[in-house]
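Heads up: the sequence lines are chains A and B, in that order. Each residue of the first sequence is one higher than the last, beginning at 1 in UniProt numbering. Each residue of the second sequence is one higher than the last, beginning at 1 in UniProt numbering.
Bear in mind the hints are in silico, worked out from the structure with no lab data behind them. Some hints could be false.
[What the hints assert, rightly or not] Footprint (simulated), chain A over chain B, 3 or more residues, beta carbon under 8 Å:
1) 128-142
2) 150-162
3) 263-277
4) 451-461
5) 488-498
6) 510-517
7) 535-542
[Unchecked claim] For each label pair, taking beta carbons as the anchor points, the in silico distance ranges come out as:
8) G477(A) - S532(B): 28 to 38 Å
9) D340(A) - P276(B): 35 to 45 Å
10) T154(B) - A98(A): 18 to 28 Å
11) T154(B) - G473(A): 17 to 27 Å
12) P155(A) - R153(B): 53 to 63 Å
13) E365(B) - D546(A): 52 to 62 Å
14) G477(A) - V277(B): 27 to 37 Å
15) G332(A) - P276(B): 32 to 42 Å
16) L51(B) - S532(A): 50 to 60 Å
17) T544(A) - T154(B): 32 to 42 Å
18) D357(B) - S241(A): 43 to 53 Å
Here the structure is a predicted model, which is why all the values come from computation and not from measurement. Heads up, the beta-carbon is just placed ideally off N, CA and C, and yes, glycines get one too.
There are 2 protein chains.
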Amino acid sequence: MTHDDTGGDPGGSGGTGGGGALSGAMVIGAERVHGTHGTVHGVDPRTGERLSPAFGLGGAAEAARAAALAADAFPAFRATAPNARAAFLEDIAAGIEAISADLVERVVRETSIVRARVRGELARTTGQLRLFADLVRAGHWAGARIDPALPDRTPLPRPDIRQRRVPLGPVAVFGASNFPLAFSVAGGDTASALAAGCPVVVKAHSAHPGTSELVGTAIQRAVARHGLPEGVFSMVFGAGSDVGVALVTDPHIRAVGFTGSRAGGTALMRAAAARPVPIPVYAEMSSINPVVLLPGALRDGAAELGRQFAESLTTGAGQLCTCPGLVFGVAGADLDAFTDSAATAIAAGQTLPMLGDGIHTAYTEGVARLGGLDHVTQVAAGPVGDDIAAPGRARLFTTTGDAFAAEPAMQQEVFGAASLVVRLEHAGQLGAVLGALEGQLTATVHAAADDGELAAPLLELLEDKVGRIVFNGWPTGVDVGHAMVHGGPYPATSDGRSTSVGTLAIDRFLRPVAYQNVPAGLLPAPVDETNSLGLWRQVDGRLTRD
Amino acid sequence: MTHDDTGGDPGGSGGTGGGGALSGAMVIGAERVHGTHGTVHGVDPRTGERLSPAFGLGGAAEAARAAALAADAFPAFRATAPNARAAFLEDIAAGIEAISADLVERVVRETSIVRARVRGELARTTGQLRLFADLVRAGHWAGARIDPALPDRTPLPRPDIRQRRVPLGPVAVFGASNFPLAFSVAGGDTASALAAGCPVVVKAHSAHPGTSELVGTAIQRAVARHGLPEGVFSMVFGAGSDVGVALVTDPHIRAVGFTGSRAGGTALMRAAAARPVPIPVYAEMSSINPVVLLPGALRDGAAELGRQFAESLTTGAGQLCTCPGLVFGVAGADLDAFTDSAATAIAAGQTLPMLGDGIHTAYTEGVARLGGLDHVTQVAAGPVGDDIAAPGRARLFTTTGDAFAAEPAMQQEVFGAASLVVRLEHAGQLGAVLGALEGQLTATVHAAADDGELAAPLLELLEDKVGRIVFNGWPTGVDVGHAMVHGGPYPATSDGRSTSVGTLAIDRFLRPVAYQNVPAGLLPAPVDETNSLGLWRQVDGRLTRD
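Bound conformation, chain A alone:
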């Protein structure tokens, strides 16, 4: 490998500076390193054209070096004051905005995602970084608790005990292909880990290497500008799973954030569980996001629901984790009207390019598999899209409730704009078919006012299955806020106790520590005597700001 030491010119406007030119290098601490384990190119999915430059792939040595730098950086980074850490996150956001014109163009070239969506995703990414900056300053995440000493308690006095949460340590983040900004190099996993005080090593997704370099170097510049230890952030490229497994099994890495396939996520779970010191893996993997159309809702607006559904299904060629891949309704004229309306909208819609060859091949195979099952009928397809190298042609299938209940393969995810309408024999079948579903990111219920009797037990059932329940809307579009949950029971994620979107995501990278009779002068700020940070704290179990 070759090194371009940029430590002396972190904010420089040289060749790799302002975001225009790309060097094909990884970010290892303060250095830019050209990997020598082969190369990868960005590819324009619309045309199949190979984009410049070549990106040098790293190997186990680069993963180990990045992880070691992260471990070196951890003590100083976790000790940064809330304001300093927040300013660092805000500066990453500003750095991304400063290169936004070049960045948007590169994302469009590498992913063929519609430009307006890329702009929205960029705003979401910078908004997310700023939201975590606000969160760091607010300080709730420290989970401060104080049980004051009770020297006169019998039979034994109580010591002074204080609790706060501390960061886990260096985190390995695996960028997703379908959100090249918001779930990638500076996405939610990176933002929440940095907010918690954890250095980050990103394994960049090979489907958008140029995007990754642009964002990675923006973070690298922010690290240097804030005088933070270089190991706070690194980003490596790697082929296959070698570099990823090297990262996950590196003794310096303490947690993993991943968004991608079920096969990829479960491989990392296994690798993490087999370590001498096992570590948590937060993998967001697989979900078909069931939609339930209750009779009153269908009666009131089947055709309009069909149009809305088709729009949710085909957004981003269906390559969203929350794409509605399964619809339940009671067979009858209203459900027919819904299906007809959706079919018409799909046939009249636009076929978008998929993110790349691999995803397109998997989608084509998945559609063939689903369509080939007994009792499954295709009822709609999007335009052929034969001017596109990897067309994400939407498909709509139907089946019956009995057939669905008998064939588990019908709930296997087909990543892309394919969905299956299950025509239930009667509403009483709902509980059984939903109860047999695997864990999901979302479930959606369309209900009219007079559907309440069906809706209430449904809500209880779905609470036990999914991370987010949507009423009278669609699952696509995940708002980044304080109350959002983008998670859910396995296999939606590896760990349903958390979320990868929203401020609760910081919890993934923290653990509690108790301080017993620690002298006032040594107490960490969140649990100090004067509440110098002005936090809400639990004192004897009661929230107070005193």
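Position chain B relative to chain A; hints supplied.
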């Protein structure tokens, strides 16, 4: 197996009622079931005497039946109102108090733990149940968050999003041998899981089967009195690891609480990770609880520290998870005075019976292994205790800092009253030896006012290693409150992100769910429009009770 259906007489004062007579049966929902896979007896560790009755061991079928009942009970139990669930926990506490005389005697017979400690542990157990009852009523644990709709937001309106935490589902709890009440059938794992709304299946520890039956039937009666589904609580006996593995791999079980050996805990971790649907395991396993004696503290009171240390070391024959098994100090006259004082106290102390043959054998082997290492010297031993079947004879060893740094076997846990004083060459060695330690439940620092310069960096280092940091005290004695952390990085526990003692323990059995545009009439109480439960909730990220 044979069934004694007690469903019709749950509060009865029959043979198995008031706590006096024991039947040798398991608790499977509302039934008492005599297992037919062999028997186990309680044993008086002081004399080796086999105690009546014989307890029938269950097999995989009983584990499966208990887990299926727990799954059946889950929907109704999770839906219980806070007051109802709290009253149930309080009633378990009252039921234990109602049989306390018989219970204390049985614990003493089965464990030979000193009667005063058993009474204290009983009070801790009932206090813990009541603390969780208070917590359930207070409702913070629901983690309620609301991001209100912003219909005018651009470019996209924001939907109404609300978040609360829901119980994971049935939990398997493995009782510990060393706390037959507080970490066993109705211990902290059971209390926190029930508080969260999770049914519990306990695998009782074979070292105190009579204690387990008494407590298990007390819980069974409380379930019946409160009209809860029978599967809210079951308790099985089992030999070896078969029943335990059957529970952990049962598809109905959603989480595991365990306190015991590192071998046992890691076996459960592996079994849980290999399931088709992996589940979290909260195993509290192994810790040697380092104590650091800084120079000023030694100068000010070496002899008194030595006496206190010996008392902490020998409490309960050292069979506490927080027993101080490792001491660091700089070699010199003050450390000699500490060691001499501790050695004198140990030699003059009382040798207590250990909990059983197995633990005594492991302790004897561990002491021989540690004492047989190069550069390790035994400096004290407790009285021989040759009137006791399984004497927990205390031992104190010393070694040098260089030898400790070179021999990882010196930090292997010896469960019992054995400890190793490491005589550092100089204080600068502290960082390296502590940095090389595995994860621990606790670390203790004795510091005088003028030790501050050494103490501050020590605190930062220890925060990254342990779950609780004790200053100028001793690690034994874990106060049950809101701020306590009884946890720590692997191998202290399987999952350093949690605690098994204190109210934060409820977090282990919860996961977040988001509700998007759910109609007001369907919203769960913690996130309803009127805040009917009067909770502190995060609204747009700000805590409020409005």
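Here's how the hints hold up against the structure:
1. 128-142: holds (count 4)
2. 150-162: holds (count 6)
3. 263-277: holds (count 4)
4. 451-461: Since three or more residues must qualify, the claim that chain A covers the segment 451-461 of chain B holds, with 5 doing so at under 8 Å.
5. 488-498: holds (count 8)
6. 510-517: Holds, because 8 residues of the segment 510-517 of chain B bring their Cβ atoms closer than 8 Å to Cβ atoms of chain A.
7. 535-542: holds (count 4)
8. G477(A) - S532(B): 28 to 38 Å: 30 Å, holds
9. D340(A) - P276(B): 35 to 45 Å: 38 Å, holds
10. T154(B) - A98(A): 18 to 28 Å: 23 Å, holds
11. T154(B) - G473(A): 17 to 27 Å: Roughly 18 Å apart at Cβ, these two residues keep to the hinted range, so it holds.
12. P155(A) - R153(B): 53 to 63 Å: This hint holds: roughly 58 Å between Cβ atoms.
13. E365(B) - D546(A): 52 to 62 Å: 53 Å, holds
14. G477(A) - V277(B): 27 to 37 Å: At 28 Å between Cβs, range holds.
15. G332(A) - P276(B): 32 to 42 Å: 36 Å, holds
16. L51(B) - S532(A): 50 to 60 Å: Cβ of L51(B) to Cβ of S532(A): about 57 Å, so the range 50 to 60 Å holds.
17. T544(A) - T154(B): 32 to 42 Å: 38 Å, holds
18. D357(B) - S241(A): 43 to 53 Å: Distance hint for D357(B), S241(A) holds at roughly 48 Å.
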